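All chains should be modelled from the sequences, with the hints used to inform the complete structure.
Protein chains in written order, with the working numbering: chain Z, 5 to 114; chain U, 236 to 349.
In short, the hints are calculated from the structure, not lab data. Computed from a predicted structure; not experimentally measured. Glycine residues also receive a C-beta, built at the ideal position from the N, C-alpha and C atoms. Some hints could be false.
Stated by the list, open to error - Simulated pairs of lysine-lysine, DSS-like, Cα-Cα distance not exceeding 27 Å:
#1 U/292 with Z/40
#2 U/238 with Z/40
#3 U/288 with U/306
#4 Z/60 with Z/71
#5 U/248 with U/290
#6 Z/71 with Z/40
Said to hold, decoys possible - Residues on chain Z that point at chain U, a partial pick, calculated with CB under 10 Å:
#7 8
#8 10
#9 35
#10 37
#11 41
#12 46
#13 47
#14 48
#15 79
#16 100
#17 101
#18 102
#19 106
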Amino acid sequence: GEDVEQSLFLSVREGDSSVINCTYTDSSSTYLYWYKQEPGAGLQLLTYIFSNMDMKQDQRLTVLLNKKDKHLSLCIADTQTGDSAIYFCAETGAGTALIFGKGTTLSVSS
Amino acid sequence: DVKVTQSSRYLVKRTGEKVFLECVQDMDHENMFWYRQDPGLGLRLIYFSYDVKMKEKGDIPEGYSVSREKKERFSLILESASTNQTSMYLCASSPYSMVAPEQFFGPGTRLTVL
Numbered sequence: 005g006e007d008v009e010q011s012l013f014l015s016v017r018e019g020d021s022s023v024i025n026c027t028y029t030d031s032s033s034t035y036l037y038w039y040k041q042e043p044g045a046g047l048q049l050l051t052y053i054f055s056n057m058d059m060k061q062d063q064r065l066t067v068l069l070n071k072k073d074k075h076l077s078l079c080i081a082d083t084q085t086g087d088s089a090i091y092f093c094a095e096t097g098a099g100t101a102l103i104f105g106k107g108t109t110l111s112v113s114s
Numbered sequence: 236d237v238k239v240t241q242s243s244r245y246l247v248k249r250t251g252e253k254v255f256l257e258c259v260q261d262m263d264h265e266n267m268f269w270y271r272q273d274p275g276l277g278l279r280l281i282y283f284s285y286d287v288k289m290k291e292k293g294d295i296p297e298g299y300s301v302s303r304e305k306k307e308r309f310s311l312i313l314e315s316a317s318t319n320q321t322s323m324y325l326c327a328s329s330p331y332s333m334v335a336p337e338q339f340f341g342p343g344t345r346l347t348v349l
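Here it is, written out as structure tokens:
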């Protein structure tokens, strides 16, 4: 069945780059998403990529898509303490529903 | 700005009580969703609705029902709350769109069932 897998934790130092990885199973997914959840808040869309793209860059964020391996990465350059949050990978599911991974908790130390 | 509001941030109920969680969105979105979020399990879809009075089961509908009488409001009902329904409940909405349907989330309701 459909499933989205992510590692649960990542710890980096301020100023380093962070790479959060995700694998998905449904090759027919049209869009793939990264959401961010700050403590005590709901999820907020960070970025998304269309499935026919390999890469998308948006300021400090770079999304890499390897469709052959069904592998999605979120790269955060110059990671700041404000980037500490849970990051969810998601793919399109039935209708307009999204299928979310379990989330990666990013911890940034100064 | 799209706004999705949930009636309570924190709720404490007793086993067997009937619980209503309300969600309202102000952007005339067609689609609305209820998820629960548990540590180590991520977000799991309970129910969603793509139109007034329409509903579809998600991955974990057991023990829940929903109501969508008006476009802007989507209610999640726990008919008889149980301790295993203690969780964070997140509501989301999205427009009907064939292009990157973004879901907008509310702040969540943390429900504790004693």
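Hint residue 102 of chain Z vs chain U: min CB-CB distance below 10 Å?
Holds. Min distance 6 Å.
Take the C-alpha atoms of residue 60 of chain Z and residue 71 of chain Z, compute the straight-line distance between them, and say whether it is at most 27 Å.
Cα-Cα ~14 Å, so holds.
Interface hint for residue 46 of chain Z, Cβ within 10 Å of any Cβ on chain U
With a closest approach of 3 Å, the residue 46 of chain Z hint holds.
Checking hints one by one. Is residue 47 of chain Z an interface residue toward chain U, by the C-beta closer than 10 Å rule?
4 Å, holds
Given hint residue 35 of chain Z near chain U, where the shortest CB pair must fall under 10 Å
Holds - the Cβ of residue 35 of chain Z comes within 10 Å of chain U, reaching about 5 Å at its closest.
Would you check whether residue 37 of chain Z satisfies its interface hint, that is, whether its CB is within less than 10 Å of any CB in chain U?
The hint holds - residue 37 of chain Z has a Cβ within 10 Å of chain U, the shortest such distance being about 8 Å.
Just to be careful, I want the Cα atoms of residue 292 of chain U and residue 40 of chain Z compared with a cutoff of 27 Å; is the pair within it?
The given pair, whose Cα atoms are some 25 Å apart, holds under the 27 Å limit.
Between residue 288 of chain U and residue 306 of chain U, is the straight-line Cα distance small enough, at 27 Å or below?
Answer holds: residue 288 of chain U to residue 306 of chain U is near 9 Å, not above 27 Å.
Restraint outcome when residue 100 of chain Z is required to lie within 10 Å of chain U by C-beta distance:
5 Å, holds
Residue 41 of chain Z as an interface hint toward chain U, with CB separation required under 10 Å
8 Å, holds
Do the alpha carbons of residue 248 of chain U and residue 290 of chain U lie within 27 Å of each other, as the hint requires?
26 Å, holds
Minimum Cβ distance from residue 101 of chain Z to chain U below 10 Å?
6 Å, holds
In terms of the numbered hints stated before, the structure departs from hint 15 and from no other.
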